[in-house]
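A.B. asks: Sequence:
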Amino acid sequence: MLTFFPVPYEDEIMYSTFARYHIRSGNISIKSTMEDLFSSNHTTAVMEIPSHFQKLIENMPINHQYTTSELIFKHTLYPFYGSFLPLNRAEEIIQSMEGENGGDIYTRIGIMASSITLNRFFRFCPECNKEDLERYGELYWHRVHQIPGVLVCPTHEVPLLDSSVEVRGSNKHEYVIPTIINCVSHDIGVQYPKNMLVNLIVLAKGAESLLNRKYGNKPLEWFREQYISKLKKYGFANINGNINRKEFLQSFMDYYGGNLLNLLQSPVDTKSEINWLLDMIRRKNKTSHPMRHLLLAGFLRLSLDDLFYKKIEYKPFGTGPWPCLNKAAEHYKNPVVNDLKINYDSEFKIPIGVFRCNCGFTYTRRGPDVDDNNKYQFSRIKEFGHIWEQRLKDLVESKLTLRATANELGVDPGTVKKYVDKMQLESCWERRSDKTIQTASESKENSLIEENRIKNREEWLKLRHLYPDKGKTELRNINKSLYMWLYKYDKNWLNENSPLKQSTANTSVRVDWVSRDNAINIKVKELVENMLTTDNKPEKICIGSIAKKLGVKALMEKHLDKLPRTKEYIETVRESSREFHIRKIKWAIREIEKEGHELMIWRIFRRAAIRQEYQEDLIDAITELLNNQTIRGNGYENSVIINDNSIEYHLNFHNSRK
1 MLTFFPVPYE
11 DEIMYSTFAR
21 YHIRSGNISI
31 KSTMEDLFSS
41 NHTTAVMEIP
51 SHFQKLIENM
61 PINHQYTTSE
71 LIFKHTLYPF
81 YGSFLPLNRA
91 EEIIQSMEGE
101 NGGDIYTRIG
111 IMASSITLNR
121 FFRFCPECNK
131 EDLERYGELY
141 WHRVHQIPGV
151 LVCPTHEVPL
161 LDSSVEVRGS
171 NKHEYVIPTI
181 INCVSHDIGV
191 QYPKNMLVNL
201 IVLAKGAESL
211 LNRKYGNKPL
221 EWFREQYISK
231 LKKYGFANIN
241 GNINRKEFLQ
251 SFMDYYGGNL
261 LNLLQSPVDT
271 KSEINWLLDM
281 IRRKNKTSHP
291 MRHLLLAGFL
301 RLSLDDLFYK
311 KIEYKPFGTG
321 PWPCLNKAAE
331 HYKNPVVNDL
341 KINYDSEFKI
351 PIGVFRCNCG
361 FTYTRRGPDV
371 DDNNKYQFSR
381 IKEFGHIWEQ
391 RLKDLVESKL
401 TLRATANELG
411 VDPGTVKKYV
421 DKMQLESCWE
431 RRSDKTIQTA
441 SESKENSLIE
451 ENRIKNREEW
461 LKLRHLYPDK
471 GKTELRNINK
481 SLYMWLYKYD
491 KNWLNENSPL
501 KQSTANTSVR
511 VDWVSRDNAI
521 NIKVKELVEN
531 MLTTDNKPEK
541 ICIGSIAKKL
551 GVKALMEKHL
561 DKLPRTKEYI
571 ETVRESSREF
581 HIRKIKWAIR
591 EIEKEGHELM
601 IWRIFRRAAI
611 RQEYQEDLID
621 AITELLNNQT
631 IRGNGYENSV
641 IINDNSIEYH
651 LNFHNSRK
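In full-length UniProt numbering, the protein residues as written are 1 to 658.
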């Protein structure tokens, strides 16, 4: 039995606690430490998912408060790797960790089969090390830093560094503590581009959440269904769950960038049907690495809480019951429709809702609904039903005029005439004797109008779908002949199915800001990458230039706070005046070098178009660039010839001008 055991620090991995015990115990042999801890000198020193926890608890000092569950969930990587396992397999893994037969844990938990390899070296955060040394007088291995794919510290948001301690060293029984000697890395200057760093921080914080919160285990199918529902919402899958592979993969690549995905050992081949990303959506019983779940959830704007706890369903027409649009019924516009069938328009890639009321009235609407007003609109009426037909009969018998009858029933006069004929009713405006003398041309004309009405309604709704942000007048200008026909023959329907007039004071239209933010953020990232990699003269990266180039200046001026992801990204990449000047200077140096001219400071300033009032403050930056002898950027690597008199000449030149 142990006489003492070090109290594990916050987020300390168990391996590190064992290493501290070994030092404090005074044991000369590591096998003696193994015997103390596990009553066996053959146990392997495992960092990620160790075993023998029950034996460790049995050997703990008297009156200890530890449990196997506490040590496993707070001081191993099990919570990370076990989060996305089905419950029965997760419980089996815990039992193996508690017991003494943990040899196949890595296989059963999915680590061995994953293409994401384990870390070779222990990792550390230099800022955490400073704080630990001040607070505890010693260092320890942090759990979250050892997760494959966590490349930055979620607390300090700085890159993690490799120590010189191998996770699987030459002595498989040895526990090694971190020190100021083995935590000096050759990668001390590692830096990530700003846009990449933002995503790495989000992923690190997600991994930290998986470690520190007990999310309930779900069946593998749960996550697949959650992802597909989100893909439907964003238009990457149709109502039947079929994925638009090309668009989905390319958007995912654009969102993260190929460099980041390669760094995380998760490249995506947009031209291949076989890759891990499609497997997560298509294969029902396949486990995926937790880091890849974080990647997909991040792309879909899906929080971990929602992913695990909220059943996500794609409802393009909202939640029922829906209103009945039978104007002849007493329940007109009341939410009484519970029968909804959703079809898919393969041409326009949109859902079509078929709503059927118990009164027989059946109508269709193109989706998805974007605001509450949409639920009171329809594309076409498939059936009027017995209540509507009875009301038509009553109105005809009451000798109401044709137009008044049409208004009462919510249809146009042509539809009234059609159903009067169909039901063989005799109206005051058209006696049966009159029908017999109706010319063939008149009958043909009415039939043609009815055919055109259905076709033109469909065309108008398609036009609205293609241009969802345009108002009624703008849509009219796009297709004037279509608008004029509807205005002449179907005015009431046209008014009911046109965009509402926008009010400067208020609007009832609710924009899907999450989708808009996601789409704009992707475009902003593409634009910034182009601005940073172009060979043309640099342009300053700021909100103004980005908004202007994307044509969303008014949107960003008024609603940037409603685009949190876009705003956060722009804040990370926007340049100060000095940063922009230095980028222009680097570009100027490359251009001068290409032309074969000598690199003189005055020539660099002139090519970079740096105004005179800023030049003196930038001389130190140019000097540093020239002294480095190599200017890197945009794929170039150029040797630089330094003129020792260039700085002095530049100053004298401008002093004389003053």
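Everything labelled a hint here was simulated from the structure, so no lab data went into it. One should not assume that every hint holds.
As the list claims (entries may be wrong) - No more than 25 Å apart at the CA atoms, straight line, and that leaves these computed lysine to aspartate or glutamate pairs for DMTMM-like: (1) Lys194 x Asp162; (2) Lys327 x Glu313; (3) Lys205 x Glu70.
A.B. asks: Confirm or reject each hint.
C.D. replies: Consistency of the hints with the structure:
Distance hint between Lys194 and Asp162 is fulfilled; the C-alpha atoms sit about 21 Å from each other, no more than 25 Å. Between Lys327 and Glu313, the direct Cα distance comes to roughly 31 Å. Violation of the 25 Å bound is thereby established for this hinted pair. Between Lys205 and Glu70, the direct Cα distance comes to roughly 21 Å. Compliance with the 25 Å bound is thereby established for this hinted pair.
Of the numbered hints listed earlier, the single one contradicted by the structure is hint 2.
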